[in-house]
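**Q** Sequences and hints are given; from them, build the entire structure.
Letter by letter, the chains look like this.
Protein chains: 2
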Amino acid sequence: MFKFSVTILGSSSAIPTSDRNPTAQLVNHNDHLFLIDCGEGTQVTLRRMHIHFQRIEHVFISHLHGDHFFGLIGLISSMHLLGRGKKLHIYGPPELKEIIDIQLSVSLTVLQYPLVFHPTQADSPAVIFENENLLVSSFPMLHRIPTNGFLFAEKQGERRIRKEILGMLNIPVTELPKIKKGGNFTDAEGKLHLNSSITLDPYPQRKYAFCSDTAYFEEIIPVVKGADLLYHETTFLQDRAANAAEKFHSTTKEAAQIALNAEVKKLIIGHYSARYDDLQPLLDEASAVFHDTELALEGKTIDV
Amino acid sequence: MFKFSVTILGSSSAIPTSDRNPTAQLVNHNDHLFLIDCGEGTQVTLRRMHIHFQRIEHVFISHLHGDHFFGLIGLISSMHLLGRGKKLHIYGPPELKEIIDIQLSVSLTVLQYPLVFHPTQADSPAVIFENENLLVSSFPMLHRIPTNGFLFAEKQGERRIRKEILGMLNIPVTELPKIKKGGNFTDAEGKLHLNSSITLDPYPQRKYAFCSDTAYFEEIIPVVKGADLLYHETTFLQDRAANAAEKFHSTTKEAAQIALNAEVKKLIIGHYSARYDDLQPLLDEASAVFHDTELALEGKTIDV
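Chains as they are written, first to last, in this note's numbering: chain A, 1165 to 1468; chain B, 1165 to 1468.
Source of the hints: derived by calculation from the structure; they are not laboratory data.
Watch out, some of these pointers could steer you wrong.
Where chains are identical, the list cannot tell them apart; a pair therefore holds if satisfied intra-copy or between any two copies.
Claimed, not checked - Here are the simulated lysine-lysine pairs, DSSO-like style, with alpha carbons at most 27 Å apart: (1) 1464 with 1429; (2) 1319 with 1429; (3) 1411 with 1251; (4) 1411 with 1250; (5) 1167 with 1430.
All figures in this text were calculated on a predicted structure; none of them were measured in a lab.
**A** Laid out in structure tokens, this is it:
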């Protein structure tokens, strides 16, 4: 199975604190690095975690509240100053391009590497990235300004030829692609081997869903249904539900309710209001509704 | 004498490292707080140093390279989110206003406090701020884009009435302003007391000069002449003089030469290239030319 993990770079909501950074997450899928959001200070957090940020190929920005993108221009600049040559793809609201361009322009910076900007919309779900093994889609959140969540979904993999069979039947290399796609195999002596007898099912297609920032929004449920891992913001405890609704944020209980109804395997909560020094009550409240809940904490890596 | 100090918030050049922040300094004059430059992460650095950033009244931005202003929008936002009501004055190149405005606009943020923007020019020295006790001037650096240094100069203070005289002569409160301005005093018995016999000279007028970023530039010398404290960037050691010149930066030796020729009392060097883990060689090289040199280090406070 491919490596598929999420590293929390920032767990704070709007205001960074002394020990909590604004939102940023690093997704590693098969050693391709994807950055989700990029709050102020993300480049330094990556350094401190010894993550080589030039390896990041794609950056997804959920929306244009500062705690989700103020660190992007610094990361772009440092990549340039450190001699990056390879492309960087950025996916975000159209105005983000203007914000990047004006800041490069006033400093007379001409990037040494191609920056490819992919404007997003937050009206309906859309596939925004695809490689051989992975699809990334954006899907609308319910927030004060246009905001997307992101779904990282593995594609259907190939059938896996049983290791012991491979040697035993002396299958020619040229036959492998066909078998992996489900074909049968006829050996040198003319004997037919049904695909089901020589292969295993493909690995399950795993999914990671990132939901930030949003009010309680049931339209998320069908999109993230059955995800192996769901990140959902929980800015407040349930006793501040009115406050959360007014600010288009969610409570711990609401996040857990989404996880429960979407039948995900695991929930990570984060985007904590700076008012909470102790996060245990948030974990307790969410866990009471959805058992397999974990706190987003800076530096934590969770396998999908 | 008034409190007059400089706290180093960031000592790194273009690329922040794990333990060095991009440029930012806090000047405290008589408990008025002034921020010079605001690299990415400055708001968190202020928090970690337990400096209440709502007390900052004036922010001076030297130029629009990212390592000097990428943290400003985050600071402005957090001041807003934390309920600031009082004015914030920002002094910087005209394009900075556009950069701030577009980022507030995309997030639909209407600041709760008045942000007063004062555009600067970098063609000639100019007084850009004045209060009862202090003048702040900008003056041109020699850099790749328009860049200012800032001079914080105390105004001539009043004459100081000797404490022992105050009680002895029973001087009425209404007479004090006149005497502080140099006037004589006639006591109840008609005896004339010359000002020189009842007062001391005003405190000396101290000066702090901030020079960042700049190539070696002798036009700085008359402006910072005799300063009590000079901060001058030293991105490189002298063996990289060609590199420094090409990038419009200074070497340690050049900074020290400016300090020497300007006959300042003390020099702080900073804005170190990320290539230097050990800063001792920079200090040694500068000290050899100008003895009273100190390293800018995060968290250090130097009295002017």
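**Q** For each hint, tell me whether it holds in the structure or not.
**A** Evaluation of the provided hints:
1. 1464 with 1429: within (18 Å within a copy, 49 Å between copies)
2. 1319 with 1429: Within one copy, since 18 Å is at most 27 Å while 67 Å is not.
3. 1411 with 1251: Cα proximity of residue 1411 and residue 1251: across copies only (25 Å, versus 36 Å in one copy).
4. 1411 with 1250: Close across copies (24 Å), not inside one copy (39 Å); limit 27 Å.
5. 1167 with 1430: within (17 Å within a copy, 55 Å between copies)
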